[in-house]
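Protein chains: 2
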Amino acid sequence: MELTQLVEQIRRKKSFLCIGLDVDLKKLPTHLLETKDPVFEFNKAIIDATHHLAVALKPNIAFYEALGIKGWESLKKTIDYINEHYPELFTIADAKRGDIGNTSTMYAKAFFEDLNFDSVTVAPYMGRDSVEPFLAFKDRHTILLSLTSNPGAFDFQTKEYAAKPLYQNVLETSKNYVNSENLMYVIGATKAEYLKDIRAIVPESFLLVPGVGAQGGSLKEVCKYGLNDNVGLLVNSSRGILYASKGKDFAEKAAEKAKDLQLQMASFL
Amino acid sequence: MELTQLVEQIRRKKSFLCIGLDVDLKKLPTHLLETKDPVFEFNKAIIDATHHLAVALKPNIAFYEALGIKGWESLKKTIDYINEHYPELFTIADAKRGDIGNTSTMYAKAFFEDLNFDSVTVAPYMGRDSVEPFLAFKDRHTILLSLTSNPGAFDFQTKEYAAKPLYQNVLETSKNYVNSENLMYVIGATKAEYLKDIRAIVPESFLLVPGVGAQGGSLKEVCKYGLNDNVGLLVNSSRGILYASKGKDFAEKAAEKAKDLQLQMASFL
Numbered sequence: 002m003e004l005t006q007l008v009e010q011i012r013r014k015k016s017f018l019c020i021g022l023d024v025d026l027k028k029l030p031t032h033l034l035e036t037k038d039p040v041f042e043f044n045k046a047i048i049d050a051t052h053h054l055a056v057a058l059k060p061n062i063a064f065y066e067a068l069g070i071k072g073w074e075s076l077k078k079t080i081d082y083i084n085e086h087y088p089e090l091f092t093i094a095d096a097k098r099g100d101i102g103n104t105s106t107m108y109a110k111a112f113f114e115d116l117n118f119d120s121v122t123v124a125p126y127m128g129r130d131s132v133e134p135f136l137a138f139k140d141r142h143t144i145l146l147s148l149t150s151n152p153g154a155f156d157f158q159t160k161e162y163a164a165k166p167l168y169q170n171v172l173e174t175s176k177n178y179v180n181s182e183n184l185m186y187v188i189g190a191t192k193a194e195y196l197k198d199i200r201a202i203v204p205e206s207f208l209l210v211p212g213v214g215a216q217g218g219s220l221k222e223v224c225k226y227g228l229n230d231n232v233g234l235l236v237n238s239s240r241g242i243l244y245a246s247k248g249k250d251f252a253e254k255a256a257e258k259a260k261d262l263q264l265q266m267a268s269f270l
Numbered sequence: 002m003e004l005t006q007l008v009e010q011i012r013r014k015k016s017f018l019c020i021g022l023d024v025d026l027k028k029l030p031t032h033l034l035e036t037k038d039p040v041f042e043f044n045k046a047i048i049d050a051t052h053h054l055a056v057a058l059k060p061n062i063a064f065y066e067a068l069g070i071k072g073w074e075s076l077k078k079t080i081d082y083i084n085e086h087y088p089e090l091f092t093i094a095d096a097k098r099g100d101i102g103n104t105s106t107m108y109a110k111a112f113f114e115d116l117n118f119d120s121v122t123v124a125p126y127m128g129r130d131s132v133e134p135f136l137a138f139k140d141r142h143t144i145l146l147s148l149t150s151n152p153g154a155f156d157f158q159t160k161e162y163a164a165k166p167l168y169q170n171v172l173e174t175s176k177n178y179v180n181s182e183n184l185m186y187v188i189g190a191t192k193a194e195y196l197k198d199i200r201a202i203v204p205e206s207f208l209l210v211p212g213v214g215a216q217g218g219s220l221k222e223v224c225k226y227g228l229n230d231n232v233g234l235l236v237n238s239s240r241g242i243l244y245a246s247k248g249k250d251f252a253e254k255a256a257e258k259a260k261d262l263q264l265q266m267a268s269f270l
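Taken in sequence, the protein lines are chains A and B.
Counted the way the numbering used here counts, the first sequence spans residues 2 to 270.
Counted the way the numbering used here counts, the second sequence spans residues 2 to 270.
Chain A extracted, bound-state conformation (with noise of 0.2 Å):
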């Protein structure tokens, strides 16, 4: 997907909402565990039922892999029926994947490729030939983890570092890799205060905030200094809105958590 049409999507839709897809049997509606594939059921009624409300979906890989074959297999049918059905949205295959260059060239393969999604999560650690066989894809984007939304973000990422705290090293250099244009970057909801260094130094980017809801970020705050002339952000809720019920209505008690978050974000434009 071109970054047009993302933000075209964010101004018509008046919502930035990125739906997390970490999707947990323990906590699902009981009555869909006698299903042939319920982690799809479960994907595709809240697909179904917040559509309208968000601009992006995330599936996070570990809890499909944690599934085995048959979580991948959930996966697939997952992005596929997205792809089929909801074409405009954009998808994030949240896999924080990185390796040295011609190991990176095949996770990009398995989720540009095989999978078909429209970016993926990148660890910078690595470094530029981890990352640039990501970016050498046209139309898909690799989203750099910079500043994170956990507590152990404050180990490495935040301490000085050359004269600056390592995250803002990773957006400094990381400017420089070649096709950045393809680059967009995680920034925590919790750390919402950083966000002015952040949008100093990378003003046009797009910034992927996790952190909003169960991990207690502020949406205001991430608006007041995240916000740029195309939006700019794509803020993310995963367990706020999929276990919004248990019960037979969860698809739509999870689109009245959406329709909440959006009206929050339809204020800030």
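Simulated from the structure, these hints should not be mistaken for lab results.
Just so we're clear, the structure is a prediction, and the values are computed from it rather than from any experiment.
One or more of the hints may lead you astray.
In this list, chains with the same sequence are indistinguishable; a pair is considered to hold if it fits within one copy or across any two.
The calculated lysine-lysine pairs, modelled on DSS-like cross-linking and capped at a C-alpha distance of 25 Å, are [to be verified]: (1) Lys254 to Lys78; (2) Lys37 to Lys71; (3) Lys37 to Lys110; (4) Lys260 to Lys139.
Here the structure of chain A is known, so what remains is to put chain B in place on it, guided by the hints.
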């Protein structure tokens, strides 16, 4: 697997060779392409021919993911074959995973429970709560990226950070993680000159060393500073062994290359 079993195996075989199963369909012997599962048939033949020369096997997960569900099936068959026929071999899922706590738990389940690997490689960028969920599994091992073998390692890992290179901070910080006795580290063979400093920080840890062979690292240099009282090294070779021949003799030629490396290793023990 307990570490004492790994060390005993190394002493008995006079080898600390790890064979990387980076299986690329384009490089397989052509006669295998007619079989139902060429990737598994290739792995099976390589494993049967080399199991007495190596102590560890390391499927590179990207190469399987790039083949979609079929690749995931080949991976499952490969690990099951190893665990059934050669349970003494230490198995490494080279996956470079790492995410916020509940997601890392899912990745750990995928590799330690569903696939039953002895160990998995993990990226440190997200810090403590992205690593500890892996460490929580008894007699399973987490191999943390510290100083990788690729050129991109110089982007962040070797740069000064809190008055030390970042990779040293990763070693020092991770030593304090809960269950850090289950930690090993990836140290690229192309960075052998750094091993003296590394051994000063983690004298007892096992190091997984890729980069001998195709990437140009020297086994002699690695051994000079890397060996400890328990050997403490697993040296990986992938392409140099797997693709020694494209003919029907591919497994025999792979065993010859493995034997060459094993004999060199024996001379350092």
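Hint check:
1. Lys254 to Lys78: For lysine 254 and lysine 78, the Cα distance is within 25 Å only inside one copy (23 Å; across copies 41 Å).
2. Lys37 to Lys71: both (11 Å within a copy, 20 Å between copies)
3. Lys37 to Lys110: between (29 Å within a copy, 22 Å between copies)
4. Lys260 to Lys139: neither (33 Å within a copy, 44 Å between copies)
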